[in-house]
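Q: Chains A and B are the protein sequences, given in the same order. Its first residue numbered 0, the first sequence is counted upward by one per residue in numbering that gives the first Met the number 0. Its first residue numbered 0, the second sequence is counted upward by one per residue in numbering that gives the first Met the number 0.
The set of hints was computed from the structure by calculation and includes no laboratory data. Hints may contain errors.
[Unchecked claim] What the simulated footprint calls covered on chain B by chain A, stretch by stretch (three residues with Cβ under 8 Å from a Cβ of chain A suffice, anywhere in the stretch; the number is not a length):
# : stretch
1 : 18-29
2 : 88-98
3 : 134-147
4 : 176-185
5 : 278-290
[As the list claims (entries may be wrong)] Pairs of lysine-lysine, DSS-like flavour, derived with a Cα cap of 30 Å:
# : chain 1 : residue 1 : chain 2 : residue 2
6 : A       : 378       : B       : 240
7 : A       : 81        : B       : 55
8 : A       : 426       : A       : 356
[Claimed, not checked] Some chain B residues near chain A, calculated using beta-carbon distances under 7 Å:
#  : residue
9  : 8
10 : 32
11 : 73
12 : 109
13 : 191
14 : 213
Don't be surprised by glycine CBs; every beta carbon is placed ideally from N, CA and C.
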Amino acid sequence: MEKSEAPARARAPVEVFETTGTPGRLALNIMHFARTLRAAGMPVGPGHVLRAMEAVRTVGIGRRDDFYWALFSVFVARREHKELFDQAFHIFWKDPRLLERLMQMLLPQIRPDENFKQTDQPNRRLAEALAPQRLPGQGEDEGELAEEEIELDMSLTWSDKELLQKKDFEQMSADELEEAKREIARLRLPIVDVPTRRFRADALGARVDMRKTLRNSLRGGGAAIDLARKERVRRHPPLVVMCDISGSMARYSRMLLLFMHAITNDRDRVHSFLFGTRLTNVTRALRARDVDVALDKIGKLVDDWEGGTRIGHTLAEFNRRWSRRVLGQGAMVLLITDGLDRDAGDGLEEEMERLHKSCRRLIWLNPLLRYDGYEPISKGAQAMIRHVDELRSVHSLSSLKQLTQVLSQEGQRRPESVDSWVKRARKEAA
Amino acid sequence: MPLPMPSSVDATVDLLRHGSYVADRSLATSLYLALKLGRPLFLEGEAGVGKTEIAKVLSETLGRKLVRLQCYEGLDVASAVYEWNYARQMLEIRLAEASGDTDRSTLAKDIFSEEFLIRRPLLQALEPDVGGAPVLLIDELDRTDEPFEAYLLEVLSDFQISIPELGTVRAEQPPIVIITSNRTREIHDALKRRCFYHWVDYPKAEREVEIVRARLPDVERALSEQIVAFVQKLRQQDLFKLPGVAETLDWTRALNTLDCMELTNEVINDTLGTLLKYQDDIQRIQGSEAARLLSEVNLATRPAVR
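Next comes chain B alone, as it looks inside the complex (with noise of 0.2 Å):
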């Protein structure tokens, strides 16, 4: 059952965590602030806090459909916006010369025409759909070009897309528009001037215990606590790459399987590798380090629980 458009930012707030998202206030006012100005939201942040997440719930809980436009350097228009089907245009003017039918201009309008027109995301996010204008989103903006990003700049300031052999395609409504990008490259301010944009950090543990809550309701809740408070200490480490929720998330689920009630240095040890990514940061924490982490988390929660 599709929700209608927030029209304040408590409704915002209230439309994510339908779709099991909880949301900071900050992050649903700039998505608010996107929705109803319809410009696109532009979202930086590390690795696995929930930037890409925020694209499939809107899509899920806004009924309408997820049109994802992954990049990577040296995309291009014919794999982002449209590509003509060749084998079958070369095919047409093989029926119409056996069929003695070499007439120039029919055969040019044929042959471009919209049935061999083969549409990638770009062109799709402009079409209309019958749950409303769609959800796109562009991911990890941050590993195209700069060439590309010129080109999208185009689309996203007037949403319309012209094709030399057929015309201009113009979005009736515009699509939901959310960027995400890691930072490995820094965007061109041209592009971040049209858009509203957030900075998605680590959540705080309260919330994050919320997500782990939210997503994850069959975890015990002293469970869910402990693992939050054991990841916020590693957030506080000197590490290269700090676990973000999906890891966090990740980890819940691990130990969820492996039927643990209660984190021990054997289990922590055990399944690091869902927490962290790098063998340097692994041989830090794993053993002496995790024991005193540990330690504190419990001397922290033990209150609590009882």
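Looking at chain A on its own, in the form it has when it is part of the complex (with noise of 0.2 Å):
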């Protein structure tokens, strides 16, 4: 049975429509019923709508359910695509005109084209750049650029466009980002690497590569037996980033953006997470190449900017719903956050607990501790510090830099005296 339909499916769709003789209505609105899931978001192509022909043709149309479930299983891959294919279901298969006009109709909000749009509204940087002879940073403070070392407090600068709720990051300066931007892409978090349990040739390694041995002594007629050597891939273990963006952190937010953007996209196996008073992952819209698309993702996506924190609350979140998805293999977690919680610490102690012990190594990255006389008193930092590996500063870019030897370091997991370990690292921030 599986020899007659492999080369049934290598065929055009359309011969796969005659030689089985489904009702070609039935075809057609399975066909306009995948399209309508690609175009609600769910990552449908053609080769979903011959399998799904395939499927029904063998459970048959006698039942809903069974039609429902064998639909089911070819169009549907991941659990969060569960509610939209039930839905489009329902409404599809009663009259699937109707979802038809109204998805035409929709149709433009729901799929908006990101070159097209660019184009259609040019954002700030595409503006200098086709107006050279504008003054860059035009419409905000010129004195940002005069510093030689550019600090992530930007007090100064502090435009009221920033106290919007809703962030427009296309209005950054150009001269401003690009500066920042080369400064933060030279940026390589050189994580320590782990060793994993697989093996590659290397003729100074530790062990014998038995398989490779073999073969080669034949060579020889197997009079002379040449050792072959092999030794473990040692590999950067998984990385998540949490990223505070509430209020207090506000004046720091958008170059910890940028950070975020440079190391998701300088290895793989990087998750991102921002949270206020809610929590967010921006993994997906960082990984697009071009920071200002990114940025803009994350504008769309998050909803909680310069808000309260609730890094309990946020954190229970992370716990409960991603922490067994993105902690596995060995995660490291950095958490920037300056400690500073609406809910004064409630039920923020155990969630650190758990977090620090679910993961490899915890390093809490605080933009306070560049204030000399910063004592972690709140209850919020009170409660995170006896449960981090590390405590590090994050207020400039130079201190972003110094971030790259503490991650090349395989560090110690909770040293016994939390007061010195907190005191050092407030020397070595100044």
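Dock chain one against chain two, each of which comes alone in its own frame, and use the hints as you go.
A: What follows is the structure in structure tokens.
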């Protein structure tokens, strides 16, 4: 049965319809249904349509629920698409035309064409490129470019636009962005590689590659046996970055987003989250190569810019929904927050403990460390400090660079005395 | 007595029921499709909802050999597909030397022959078996890394494995492939696309009672109903790890062993460890919370018992 199916699958779709004798209308309807799902954002291609027809043919259309589950098992490949499929199915298979008409009306809004939109409404960088005679950074304070070391602390240049709830990242001046981007793009996070269970050929390796040895020895007739060696492959562990975007972190969040974009695209196995009062997974948005596209996507994704922080609440959400999915295989966690919690540390300690126990290493990056007199006395900070492996500052580009040193060492987990270690961290940050 | 391959969704439900597996119709539909169209079935779901069990029941009821590949990080060809028996190969070379027979090409042919091949699960699954093509269970695929996933993609699309020294091994009849994942990592879409996908959910109360009755027929109906009602209530709580069907069955077995006739606060507190596996969760439920849930359960089930 499998053999006869295979060539049929390879042929053009039209032929499949004809040879199978499936009523043409049903086939067409399945195709339209697939297009509906695609328009709604599910990854559905022509291959799915063919498999769906095959499946429907196999199960028959005698029972509505069989029909439903046959289509389900072909079109759905992720749990989060379950709801979408369910709704689409019930609307579509009642009156396909109705939905089609609806989709046609909605289509431009559902799938905004990224390129088209950009040429339609040129962003600020583009506008500047087209009109170079305009002063760079027009409309904002000029002083920001004067400093040699670009500090993330930009309180003087804080334009009122940033106070908008939904941030318009496109309004970032091109010069300011370029300067910082160049610096940040140069950053590499040399996270210390950990040994995996895979091997590669290595003349100086510690282990003998028996298979290769024997094959080689036969070349010489088996008289002399040269040992071929192999060594463990070392690989960087997964990295999870969680960044606080609440009001108190507002002045840093712009640069930190650039930083997150740089490390997300620097390597694979990076997951990024933003949190304020809610937790948002922005990994997919940050994967866009162009930093503007990425930030634009994030701007649409996140609703809680510069509001309060509920660290305990959002960490609980992370622990429940994401930790088992992204912290596998010994992940390292960078937690970027000032530890100022609206819930005054309520429920935070338990969640920090769980987070710490679920990962290889937990590093807290706190921009407030730049102030000499900083003590982790807020309730949130006190709850957190007991459960992190390392505390570092992230207030400027230079401190971001220092981070690379920290990550390239296989630091120890949770030292006994917290005080000495806070002091040391502060000294290094200064 | 092996049963024939099912020829409809209803027959698939019956087949599973024959192996004491009570399946939803949705699951039976995707399983039927996978069997009929010869493509892998990809099962995702929380731990302990009976994903692995399906493969076992299939192999039992259909009378096929079960080949299980347990995945882990760093799983490689040597432990998943095949390996040469080096010790025997070395010995063979020495023997050939001793007898003065050092013709290179024959020696190479000799020591890289099937005799020296150690077959690992994937290769075993491609070999013909008297009972028919085996059931290949690829368990917890999310634990491996991407390179192995990519290799698997190749094997699952052609059902053939090439061994450089020996040639290509091809399955005459492709095995029945069941892949499970706990979703600790997202599996690549390319692999999922080749499979029929099903999300195995926690069963509804009615279905769960059926499962307990099918698996543990000597437990009294009233008790199993009470147990299931309690577990269902527990699944509505905000817990880190919700108890699966496996935990329900374990708990039922435990209570049966303790000769318990009815759920009481005391019994629940003593045996909560079989249901919940995280200390935070246990602390949260033990005591007053468990008592509250139990009283709700009793209110709901008592009329049915009488």
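Q: Enumerate the violated hints, using their earlier numbering and listing them in ascending order.
A: Checked against the structure, the hints that fail are numbers 5, 12 and 14, while the rest are satisfied.
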